[in-house]
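Undergrad: Line order of the protein sequences matches chains A and B. By UniProt numbering, the letter at position 387 of the first sequence is numbered 387, and the numbering carries on one by one without gaps. By UniProt numbering, the letter at position 426 of the second sequence is numbered 426, and the numbering carries on one by one without gaps.
Derived by calculation from the structure, the hints in this document are not laboratory data. The structure presented is a predicted model; accordingly, all values stated were derived computationally and were not measured. Glycine is no exception: its CB is placed at the ideal position from the N, C-alpha and C atoms. All clues stand as given, with none of them false.
Quick list of in silico lysine-lysine cross-link-like pairs, DSS-like style, CA-CA up to 30 Å:
| no. | chain 1 | residue 1 | chain 2 | residue 2 |
| --- | --- | --- | --- | --- |
| 1 | B | K581 | A | K555 |
| 2 | A | K453 | A | K159 |
| 3 | B | K421 | A | K555 |
| 4 | B | K159 | A | K159 |
| 5 | A | K395 | A | K569 |
| 6 | A | K581 | B | K555 |
Here are some chain A residues pointing at chain B (derived, C-beta under 10 Å):
| no. | residue |
| --- | --- |
| 7 | F513 |
| 8 | R516 |
| 9 | Y517 |
| 10 | N525 |
| 11 | F549 |
| 12 | V553 |
| 13 | S556 |
| 14 | L557 |
| 15 | F560 |
Ranges of calculated distance between the beta carbons of each label pair, as one might list FRET restraints:
| no. | chain 1 | residue 1 | chain 2 | residue 2 | range |
| --- | --- | --- | --- | --- | --- |
| 16 | A | E384 | B | A535 | 39 to 45 Å |
| 17 | B | L591 | A | A272 | 54 to 60 Å |
| 18 | A | P240 | B | T548 | 54 to 60 Å |
| 19 | B | E98 | A | E473 | 41 to 47 Å |
Number of protein chains: 2
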Amino acid sequence: RMQNSRSKPCSCPSLKLREVASMYFTMVAAFLVILVVALQGSAPRESHFPYKVPLDPQGLLELSWNVSYPEQAVHFQLLIRELQFGILFGMSDRGEFENADLAVLWSDGHNSYFGDAWSDAKGQLHMDSQQDYQLLGARRAPEGLYLLFRRAFSTCDPKDYLIEDGTVHLIYGILEKPVHSLQAINISALPGGLQRVQLLKPNVSIPELPSDMKTMEIMAPDVIIPSQETTYWCYMAELPAGFPKHHIVMYEPVVTAGNEALVHHMEVFQCAAEFDSFPHYNGPCDSKMKPERLNYCRHVLAAWAMGAQAFYYPEEAGLAFGGPGSSRYLRLEIHYHNPLVFRGRRDSSGIRLYYTATLRPYDAGIMELGLVYTPVMAIPPGEENFILTGYCTDKCTQLALPTAGIRIFASQLHTHLAGRKVVTVLSRDGRERQVVNADGHYSPHFQEIRMLKEVVSVFPGDELITTCTYNTEDRSRATVGGFGILEEMCVNYVHYYPQTQLELCKSAVDPGFLRRYFNLVNRFNDEEICMCPQASVPQQFYSIPWNTFNRDVLKSLYGFAPISVHCNKSSAVRFPGEWEKQPLPSITQRLPEPVPRCPPAPGPQPAAPVPLNLGQLRGH
Amino acid sequence: RMQNSRSKPCSCPSLKLREVASMYFTMVAAFLVILVVALQGSAPRESHFPYKVPLDPQGLLELSWNVSYPEQAVHFQLLIRELQFGILFGMSDRGEFENADLAVLWSDGHNSYFGDAWSDAKGQLHMDSQQDYQLLGARRAPEGLYLLFRRAFSTCDPKDYLIEDGTVHLIYGILEKPVHSLQAINISALPGGLQRVQLLKPNVSIPELPSDMKTMEIMAPDVIIPSQETTYWCYMAELPAGFPKHHIVMYEPVVTAGNEALVHHMEVFQCAAEFDSFPHYNGPCDSKMKPERLNYCRHVLAAWAMGAQAFYYPEEAGLAFGGPGSSRYLRLEIHYHNPLVFRGRRDSSGIRLYYTATLRPYDAGIMELGLVYTPVMAIPPGEENFILTGYCTDKCTQLALPTAGIRIFASQLHTHLAGRKVVTVLSRDGRERQVVNADGHYSPHFQEIRMLKEVVSVFPGDELITTCTYNTEDRSRATVGGFGILEEMCVNYVHYYPQTQLELCKSAVDPGFLRRYFNLVNRFNDEEICMCPQASVPQQFYSIPWNTFNRDVLKSLYGFAPISVHCNKSSAVRFPGEWEKQPLPSITQRLPEPVPRCPPAPGPQPAAPVPLNLGQLRGH
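Could you put together the complete structure from these sequences and hints?
TA: Structural data, given as structure tokens:
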């Protein structure tokens with residue numbers, strides 16, 4: 001195991017404020033860092049860093065990494081193109097600069113140091129008493145300085161971030177002046193930003209690809225990226241007439257060189273087969289010029305987000321497209337994120353589909369789990385962690401799944417802006433068995449299709465329970481379920497095979513019981529609230545005085561009332577059966593909370609930054 | 001620091017099942033254990049064990065102990081009068097044999113061992129992978145074998161019991177046969193029992209006692225202990241006519257020699273001053289012959305329970321008795337616990353009061369905190385941990401306490417049979433400041449007056465919040481508040497000085513809001529429940545169908561509804577003011593959860609029992 005053994009106590013300025021008086025305040029200089037830390041053994045074994053994201057919108061900081069599951073550690077390679085007096089890199093719950101876990105490279109103008117630090121609730125930096133970012137090396141190259149370091153998933157240091165599956169919010173800060181004391185840094189005052197990634201990429205082996213594989217690029221043709229922070233660009237593509245049924249077996253992003261930091265995410269949607277034709281379009285998705293009919297292009301064929309790699313279907317399955325009953329029209333949607341408002345940047349990014357005419361044994365399908373889009377599921381305002389749960393019941397899977405079951409291999413979690421966590425759990429005979437997908441740092445701004453680490457088999461009679469956690473602290477009225485961006489959703493799109501007729505297995509509280517809740521609230525509270533029966537469900541929610549009792553009782557209602565189950569072949573057609581006033585699935589045994597593994601005995605070093613030699617000065 | 005350093009790996013039978021075949025099954029023998037464990041240093045520094053309880057009703061096992069707060073450890077001395085093939089001693093949440101943390105002394109007939117073990121959910125024994133009971137020595141004496149061992153309060157071993165303030169349930173089991181494998185032992189199948197003690201006695205220094213101190217013994221005169229498991233014995237005593245006001249400055253138990261294991265607890269009550277005289281009585285408290293008027297003797301003067309020592313008042317205060325306005329009549333109540341149903345045992349136990357005519361600066365007082373005795377505070381059936389909270393509000397302390405405040409120095413927690421935990425917290429300006437008294441393993445069968453480790457100062461405007469946790473898993477109907485043994489209470493009798501007029505500072509939910517709850521439950525649930533307005537509160541609670549919604553909403557009600565505050569000079573006379581529909585005190589900042597301190601670096605040994613030499617065999 002590689003780790004730096006040089007941790008002799010050093011009297012570094014950051015800790016002792018030594019030489020503060022003799023500092024060269026007027027020095028305008030940058031520095032090059034030359035590695036002096038002896039690497040144990042030779043070059044890092046982890047020389048390959050398959051995952052890469054730019055951290056900043058200019059792409060001056062570029063992070064590559066790999067994941068070692070046997071070591072339970074991530075190896076980072078950070079490319080710093082224009083180093084000044086150092087860099088802060090780290091992780092925090094939701095990308096905030098406060099309470100963050102940070103690796104810091106800093107220079108006082110003479111000497112440079114690397115260490116593990118943390119920021120407190122005010123953004124103030126502190127050296128960590130346990131050093132868990134382990135410097136593996138630094139390398140000068142024409143393009144900049146490469147820093148190599150390692151971090152265990154879990155350090156058991158309460159000041160450290162626990163690296164888990166799902167979204168990780170990376171943050172960075174740039175040191176533009178010499179640093180004489182780490183304690184003097186307040187990260188909130190530095191230039192910096194955040195980048196969301198899935199750090200713990202699954203270790204899935206790449207399936208063998210068919211020899212007759214062809215490619216098709218769905219790309220925006222020479223778009224001039226609008227000079228505004230956020231643009232959703234829409235482009236309509238079309239399959240050739242008479243294009244027969246094929247299987248998509250993989251796809252990958254095609255990002256125009258130089259725009260890596262601007263192309264935030266891309267999706268290819270297939271249009272509804274009901275319409276014979278769709279108009280061409282190439283423009284912003286929110287434009288008034290956009291034809292109405294494009295709203296019927298919502299069936300996901302492919303989705304990519306920054307940091308993601310190519311997506312491979314399992315060897316036995318492919319995503320069908322082409323042929324009768326399948327629309328020839330595709331919509332490419334690109335989210336350009338341009339916070340520095342670059343002008344005139346041209347882009348032809350898109351997604352390259354790899355497909356085969358030699359159909360694989362199974363068609364892959366996509367199923368929606370979670371909550372129905374209805375206002376009856378609502379979140380009171382001012383809630384820090386409000387939980388809503390959607391159920392795919394045993395009765396529905398009993399009816400709709402084949403005896404041999406289905407295999408879920410990927411998942412895309414979805415909420416609107418208040419979503420903070422999403423998890424789907426598989427339950428069988430009332431006992432939770434397996435997490436299908438979980439994201440404890442979910443962000444609505446980072447919705448990837450994620451391969452699962454382990455394929456999940458679901459059999460008739462199983463239950464799939466999807467739980468979303470919302471934060472409405474910044475809202476003054478209730479947030480109801482619905483399609484609007486300020487309404488909420490709780491959805492897990494699971495990708496599975498073999499495809500079944502079941503497109504949607506979701507639930508919502510029984511509306512009759514919700515009416516009883518409104519009546520109850522009306523009678524219990526002294527105030528006369530307009531709970532006129534003709535008022536809409538959102539209006540009734542908006543008029544509730546949100547005291548603790550009304551909040552608590554709403555939670556109790558959602559945890560008790562029977563549900564209306566949507567066990568549907570398509571969004572409009574239910575499977576035959578009684579789906580109203582169904583009992584809530586009961587869970588008699590929960591999955592145990594995962595206990596983080598701590599680093600093995602020869603653990604992290606005590607608190608002491610690692611000194612680096614300052615190389616030649618360079619004019620800035 | 002003393003700890004046994006002999007932990008060489010040994011091939012002991014318990015682990016390897018060695019010699020199982022060659023065991024002497026017919027051997028009827030006991031053994032003497034001779035210490036072979038070398039003590040580091042000389043004799044234990046902790047040679048004095050001020051606290052003592054018998055563990056079993058015959059007094060064959062006697063536990064003495066001391067507490068070292070600097071070391072955060074308890075030193076135990078266990079006297080085993082008739083050792084057979086070993087003993088199990090340990091601790092568990094509520095005295096159950098399952099999931100217990102155990103020190104085990106066992107013999108296979110040849111060799112003897114001491115080790116740290118735990119019992120699983122079925123009572124099956126397992127050697128602990130971390131040995132935290134540290135054997136300090138063993139000593140043979142005419143009366144039996146003394147085992148000395150040490151245990152840190154907190155070991156950070158998840159299999160170990162955390163020794164906290166308040167009640168600790170000690171358990172023991174007797175090994176009557178040779179033991180060839182620890183794993184073969186199921187503690188639930190052994191003869192054994194439980195004893196409740198306060199292990200962590202406060203380290204309070206004994207105040208100086210007045211030179212003119214006199215004693216008075218309130219003792220049952222030659223009672224023949226009834227041959228039944230439980231007897232509450234009542235005896236009336238009388239102060240001399242014209243006995244002037246004195247201060248009780250301490251009291252101690254007087255237990256008839258030989259009856260140490262039978263006298264469970266004793267209390268001295270003073271009768272109500274309203275009555276000129278009380279009849280004499282000496283008999284069971286539940287006898288039909290007991291005069292009705294004795295029910296007016298409820299003012300606690302002194303209380304003792306098994307394991308407790310003498311009780312000292314703080315140097316500045318004494319408990320007033322005698323003089324005008326104070327009844328001359330006292331009632332002694334003794335709880336005899338006689339599970340082996342001994343016959344004809346004579347007893348003259350009681351309490352010795354130490355008092356002085358030289359009055360101290362302050363009279364001590366007793367104040368009741370918690371919940372009013374009313375059925376409006378109820379616990380649904382089948383609850384594992386249901387919480388009720390009683391409030392002494394800022395408004396009441398503002399009105400009733402002197403500017404200089406009062407000082408609480410002792411506390412007696414009280415619930416009926418469903419009580420499992422009790423805690424009182426002091427809150428000031430909405431922020432929790434200090435725990436007044438807490439018992440996380442509270443038992444209604446062990447209600448001592450406990451000296452506080454730290455005196456708690458309470459000032460006008462402070463709030464005292466008392467929270468009780470109940471278990472009603474064995475009940476099929478709701479448990480309402482009240483005086484009956486199957487009704488519930490939540491009370492903390494705090495002992496304080498200087499005495500004020502405030503005798504009672506308690507609360508209960510506003511009855512109007514409870515009516516709204518009954519209406520709500522009635523309307524929400526489909527069933528028609530008899531919620532006739534003329535029905536009593538208990539009857540309404542009994543008729544509720546206890547689904548999760550009705551349970552949850554009751555919790556929400558108690559957490560939301562305004563309260564009726566009893567801020568009383570005596571049980572009937574309120575301080576002037578508006579006490580109905582008072583807002584619930586709001587807490588903006590909670591006390592942090594205590595983080596257990598783990599043993600320092602040179603910690604416990606790895607799993608290996610300590611071998612002891614088997615001495616001479618002895619016929620049994």
